[in-house]
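J.: In case you want the letters, here they are:
Number of protein chains: 2
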Amino acid sequence: MRAALMFEAGDVRIEEVPDPRIEQPTDAVVRILRSCICGSDLWPYGSLPHTDTGRRMGHEALGVVEDIGSEVATVRRGDVVIVPFVWSDGTCEFCREGLQTSCRHGGSWGGTHFNGLQAEAARVPQADGTLVSVPVAEDSALLPSLLSLSDVFSTGHHCAVTAGVGPATTVTVIGDGAVGLSAVLAAKRLGAERIILMGRHTARTDLGVEFGATDVVAERGEEGVAKVRELTGGDGTHTVLECVGLENAIETAFGVVRDGGTVSRVGAPQYAVVPMDFRVFLRNITLTGGVAPARAYLPELLPDILEGRIEPGRVFDRTVDLVGVPAGYRAMADRDALKVLIRP
Amino acid sequence: MRAALMFEAGDVRIEEVPDPRIEQPTDAVVRILRSCICGSDLWPYGSLPHTDTGRRMGHEALGVVEDIGSEVATVRRGDVVIVPFVWSDGTCEFCREGLQTSCRHGGSWGGTHFNGLQAEAARVPQADGTLVSVPVAEDSALLPSLLSLSDVFSTGHHCAVTAGVGPATTVTVIGDGAVGLSAVLAAKRLGAERIILMGRHTARTDLGVEFGATDVVAERGEEGVAKVRELTGGDGTHTVLECVGLENAIETAFGVVRDGGTVSRVGAPQYAVVPMDFRVFLRNITLTGGVAPARAYLPELLPDILEGRIEPGRVFDRTVDLVGVPAGYRAMADRDALKVLIRP
Numbered sequence: 001m002r003a004a005l006m007f008e009a010g011d012v013r014i015e016e017v018p019d020p021r022i023e024q025p026t027d028a029v030v031r032i033l034r035s036c037i038c039g040s041d042l043w044p045y046g047s048l049p050h051t052d053t054g055r056r057m058g059h060e061a062l063g064v065v066e067d068i069g070s071e072v073a074t075v076r077r078g079d080v081v082i083v084p085f086v087w088s089d090g091t092c093e094f095c096r097e098g099l100q101t102s103c104r105h106g107g108s109w110g111g112t113h114f115n116g117l118q119a120e121a122a123r124v125p126q127a128d129g130t131l132v133s134v135p136v137a138e139d140s141a142l143l144p145s146l147l148s149l150s151d152v153f154s155t156g157h158h159c160a161v162t163a164g165v166g167p168a169t170t171v172t173v174i175g176d177g178a179v180g181l182s183a184v185l186a187a188k189r190l191g192a193e194r195i196i197l198m199g200r201h202t203a204r205t206d207l208g209v210e211f212g213a214t215d216v217v218a219e220r221g222e223e224g225v226a227k228v229r230e231l232t233g234g235d236g237t238h239t240v241l242e243c244v245g246l247e248n249a250i251e252t253a254f255g256v257v258r259d260g261g262t263v264s265r266v267g268a269p270q271y272a273v274v275p276m277d278f279r280v281f282l283r284n285i286t287l288t289g290g291v292a293p294a295r296a297y298l299p300e301l302l303p304d305i306l307e308g309r310i311e312p313g314r315v316f317d318r319t320v321d322l323v324g325v326p327a328g329y330r331a332m333a334d335r336d337a338l339k340v341l342i343r344p
Numbered sequence: 001m002r003a004a005l006m007f008e009a010g011d012v013r014i015e016e017v018p019d020p021r022i023e024q025p026t027d028a029v030v031r032i033l034r035s036c037i038c039g040s041d042l043w044p045y046g047s048l049p050h051t052d053t054g055r056r057m058g059h060e061a062l063g064v065v066e067d068i069g070s071e072v073a074t075v076r077r078g079d080v081v082i083v084p085f086v087w088s089d090g091t092c093e094f095c096r097e098g099l100q101t102s103c104r105h106g107g108s109w110g111g112t113h114f115n116g117l118q119a120e121a122a123r124v125p126q127a128d129g130t131l132v133s134v135p136v137a138e139d140s141a142l143l144p145s146l147l148s149l150s151d152v153f154s155t156g157h158h159c160a161v162t163a164g165v166g167p168a169t170t171v172t173v174i175g176d177g178a179v180g181l182s183a184v185l186a187a188k189r190l191g192a193e194r195i196i197l198m199g200r201h202t203a204r205t206d207l208g209v210e211f212g213a214t215d216v217v218a219e220r221g222e223e224g225v226a227k228v229r230e231l232t233g234g235d236g237t238h239t240v241l242e243c244v245g246l247e248n249a250i251e252t253a254f255g256v257v258r259d260g261g262t263v264s265r266v267g268a269p270q271y272a273v274v275p276m277d278f279r280v281f282l283r284n285i286t287l288t289g290g291v292a293p294a295r296a297y298l299p300e301l302l303p304d305i306l307e308g309r310i311e312p313g314r315v316f317d318r319t320v321d322l323v324g325v326p327a328g329y330r331a332m333a334d335r336d337a338l339k340v341l342i343r344p
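For the protein sequence lines, the chains are A and B, in the order given. Position 243, counted from 1, in the first sequence is what my numbering calls 243; the numbers after and before it change by one each time, with no gaps. Position 10, counted from 1, in the second sequence is what my numbering calls 10; the numbers after and before it change by one each time, with no gaps.
The hints are simulated quantities; they were obtained by calculation from the structure and are not laboratory data. Among these hints, one or two may not hold up.
[Claimed, not checked] Some but not every residue of chain B turned toward chain A, in silico, with C-beta under 8 Å:
1. L99
2. S102
3. A268
4. V291
Where a beta carbon is used, it is the ideal one built from N, C-alpha and C, also for glycine.
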């Protein structure tokens, strides 16, 4: 079959790789219906050193179960399934607590050791704990929104949930990428009435407004902080959803959060340390968030998509086939596309 | 009257200063019955550059109201009152939310501009919002425990509360100083059944065990982390109460916290940044805590002291008069005393 491999920064190719097959009795093999490119894929796309063997890419998918191991009980051949962006056994303490990203027998897609989901098919370990069947056809118009549950919308939701967003909390979302816009939608869904979106790409912030943002702040850095403070009577917002992962974004987050408030970060951190000095201590600021246990949120979020109440799949603004994946990376790196959907 | 002033690192003197008097209609003047020396006073004691005018010290006290301004309504002359370690108006949004440390009209004791509480008396601004009357005599045996509510025990409690300590959470307390021991007692009071105390001064950890610690880990650094992990099946504890404020303590905290868990810090940070890199992000660790809004916790904690259920005042292991304050600083800096009570 064919799959996307990254050989170094800027160099993504579609190559023939071995077909996936059942290796463990708990495995499933899934034919990929939809996959996509993640903002986090752009970090290696900008910096990966050369590798002769290439690195398999992709960690978000929706597909059809083609084969299952002898111990798989919860999905069947032919099921349309969401493949969350880590696999997990579903039975360990962490899974039972809803932190599948720390599963004792879990793991993540891609890299040199395992298969990525920007491909025609994939072997899914721990199929019972990982996959979630959805009652839709292979050509459902809901596929993009359902796919968003594998990572991007679940990540925005995780950000809002860990920050404690609710009807009584004001919110600043930092970043108008697909995760930031998902965080806006998630905050709105959780009842937030005041959602300030920091971003300066009008096409994106326009979608943010449709998703529920009440204010858009295009300024960055100190100017951006001043603007958010001005909009909030000088105080900042109770919660800040940091959806970028860069040092200046986390600095802005501490600048716009209200005393006693919470910064949640879901942008994969491209920094090693966080500026939480004595001044932050005096203000009782909490920093939370992390990689989203997407699997945990599926039961809660699925009905809202199946019943049409939210449409997080609107973050996909371009569709490519597998051959178009390298161009898709370029388009996202150039900010020419917000998020690229893949139909293998 | 006499008060303690610090002129530089290691140089604390008792000097004559002007008597406090009512300056604003919202002020009270309080004669100090008990004050004490805080672990945080040791930071300037170790590092303060020379100052000719001296710096007033002390931010924890219990006293008797001697005079009140014309607008003061909730305390009367003769009341025995707790003086929390910031003053606050009690009416702004932050005070109503229980974050008196961010009060819009609040402030803190000591320094060059205002009076400290290691003194014979003090002017208390915002008396209605700040002071809490307690129904005890001036020679009550409860005074040390009541005094602990002005800062040290409230700080331990704040640490446990913000960390989310409860019956279902395991706890590591880092630091066997007075705040660490207070955090042990607070965690026990909140129902924690497993409390691991990291400290290596036996006299102190013995008191920690009496306060509720179930395990004591004397090792530090990587060895200490390994020991806590060994005690917890490899996982670490759900909550970590960081009661030191040094970089190695916060590093240890991230080492012993369980995936998905919370580190709360109440040790005044002597560091500018916190190591919350991609590995911490993958583990979904929360960092919370900050300076304790002691005033907020008084209504909840007072009955437990008045009715004898807890005795946080046991952290005081030495008593001095005002003349003995310089020796008290030395004793705490030399770890010869845990926490020094002052009877002016």
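J.: Now tell me if each hint is right for this structure.
T.: Here is what the structure says about each hint:
1. Look at L99 of chain B: its Cβ gets to within about 4 Å of chain A, closer than 8 Å, so that hint holds up.
2. Using the Cβ-Cβ criterion of 8 Å, the hint placing S102 of chain B at the interface with chain A is satisfied: the shortest such distance is roughly 4 Å.
3. Interface restraint check: A268 of chain B against chain A, minimum CB-CB distance 7 Å, threshold 8 Å, status holds.
4. Here the hint on V291 of chain B is kept, as its CB sits about 5 Å from the closest CB of chain A, short of 8 Å.
When held up to the earlier numbered hints, the structure conflicts with none and fits them all.
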